[in-house]
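Following the hints, put chain B in place on chain A, whose structure we already have.
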Amino acid sequence: MELLTPGTGLIIWQAIIFLLLVLLLSRLAWKPIVASLKEREQSIQSALDSAEKAKIEMASLKADNEKLLKEAREERDKILRAAREAASRLQDQAQTEAKRTADKMIEDAKAVINTEKAAAIRDVKEQVAIFSLAIAEKLVRKNLADDKAQKALVETFLKETKLN
Amino acid sequence: MKKPFLTSKTAFFALLAVAFFTLSIPNFAAESDSTQTKPFDANEVIIHHVLDDHVWHFWDGHYGTLYLPVIVYSSERGVDIFSSHRFYDEHHHVVEYNGYKLEHNHIYLADSGKAVLDLSITKNVAMLLINATLLVVVLVSVARAYKKNAGKAPSGLQSFFEPIILFVRDEVVKPNIGHHYEKYLPYLLTLFFFILFGNLLGLLPGAGNLTGNIAVTAVLAIFTFLITNFSGNAAYWGHIFWTPGVPLPLRPIIMLVEVVGIFTKPISLTVRLFVAITAGHIVLLSLISLAFIFQSIAVGAVSSLIVLFINLIELLVAGIQAYVFTLFTALYIGMATEEHDHH
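Just so you know, the sequences run in chain order A and B.
Take the first sequence: its position 38, counted from the start at 1, is 693 in this note's numbering, and no numbers get skipped.
Take the second sequence: its position 8, counted from the start at 1, is 13 in this note's numbering, and no numbers get skipped.
Because the hints were derived from the structure by calculation, they are not lab data.
Mixed in with the good hints, there may be bad ones.
Covered by chain B, per the in silico footprint, the following chain A stretches (three or more residues, Cβ under 8 Å) [what the hints assert, rightly or not]:
(1) 666-672
(2) 682-688
A few chain B positions that, by computed beta-carbon distances, are all more than 12 Å from chain A [as the list claims (entries may be wrong)]:
(3) Leu-71
(4) Asp-94
(5) Asn-103
(6) Glu-176
The list that follows gives simulated cross-link-like pairs (lysine to aspartate or glutamate, EDC-like), each with its CA atoms no further than 16 Å apart [what the hints assert, rightly or not]:
(7) B:Lys-153 with B:Glu-167
(8) B:Lys-157 with A:Glu-694
(9) B:Lys-153 with A:Glu-694
C-beta: ideal position from N, C-alpha, C; glycine also.
The following block holds chain A by itself, in its conformation from the complex (with noise of 0.2 Å):
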């Protein structure tokens, strides 16, 4: 069977040709381009890494921004919480001030007028004696003459001595 009969010049031929196709190719074809694949991979490999680290990143500062608002909301409030609280207390220590001064000018007042009143009241009394003394040596004066002249006379001097 002639199939099954090559000559050997053909297994020769293909042994020394296919050896040199491989060394050939591997040094102008597969090198170049099996590292040219790999270096591609690599660096849609590392894009969507770093896409991927990317998002990370910005999730994370996503949050933090979220974390620096929140603390800054929660500062706010404090801060308005204290105002309030200062502005209450502030308040409430004026008016407790107020008070305490109307109080005080009251006092000062009441014993102004006690003092007055009393002054008023000694002086009331001196005038009774002093019209008191007029009178009863008016009526001394009168009494000698009758009874129906003092009695007159009483009576005129009381209506000229009006409390003025």
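Just chain B now, kept in the frame of chain A:
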């Protein structure tokens, strides 16, 4: 007699079935006239096509045959180089030349009948050179495109070959060999493209049957055999000569089987590719020959349709056989270099 089928094959591949019948039948008839008594011998035509030859016959006539150079060496005569034209007289009959005679494509010394070392550029060697040149030209230009398009999307030939290269790397080599696959990748890629190109070139009209020649497939299988066994690790040889996990009395028998297995692997590779491609060519030529056996245009028309269909299958087979050869080579290398850590 082989001219009609070659013409028809040419016509077929150009998808000019009509041209095929108008051209080849008259030619065939004309030739039958000249040879008169000799009937059409499909067997001879077919076998002649699938075999190697010292001439490259395209069509009958003065310019239809390419006479390839003969290079022979014998201890008696030394090296001799001459055209294979010398073996043929003007009627295309084989004659002796300069003390050499040609018998069944083998060259012998005419006086002693001793076979000489025949390093001729035969049809298949010429096909081999064409195949190798084409591979280098195409793949080097693809490699150049990678340099030119660095950092850019692939273009042209590069984008055609890239998926094939990636397929071989990712589906054939990587899964079978494992993480140290890169060392074997150049050989396996070369193997794949050599067989693929060889198979496809062989389908061209008038082309030689390169990858359907047992010498070619055997050499490829021997390369695989050498690479497999030279990269075989201790575990590989351990499994062959003293298989672990097998009862002691059985081990010598397993060893025998395993040792035979070392050699049946390359033999199966050789035979599978050789048979697949040669059988495809024989089927195609047989169908075409029907037209000449029955001497009927109707039969020819029908068989042409079937041939068209079979040819599409052959295109598929060309790819599948390149894939299978590469796959098994990767598998064998993978088995030989696998790290066993289960015992």
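Could you work out which earlier hints the structure fails to respect and list their numbers in ascending sequence? none
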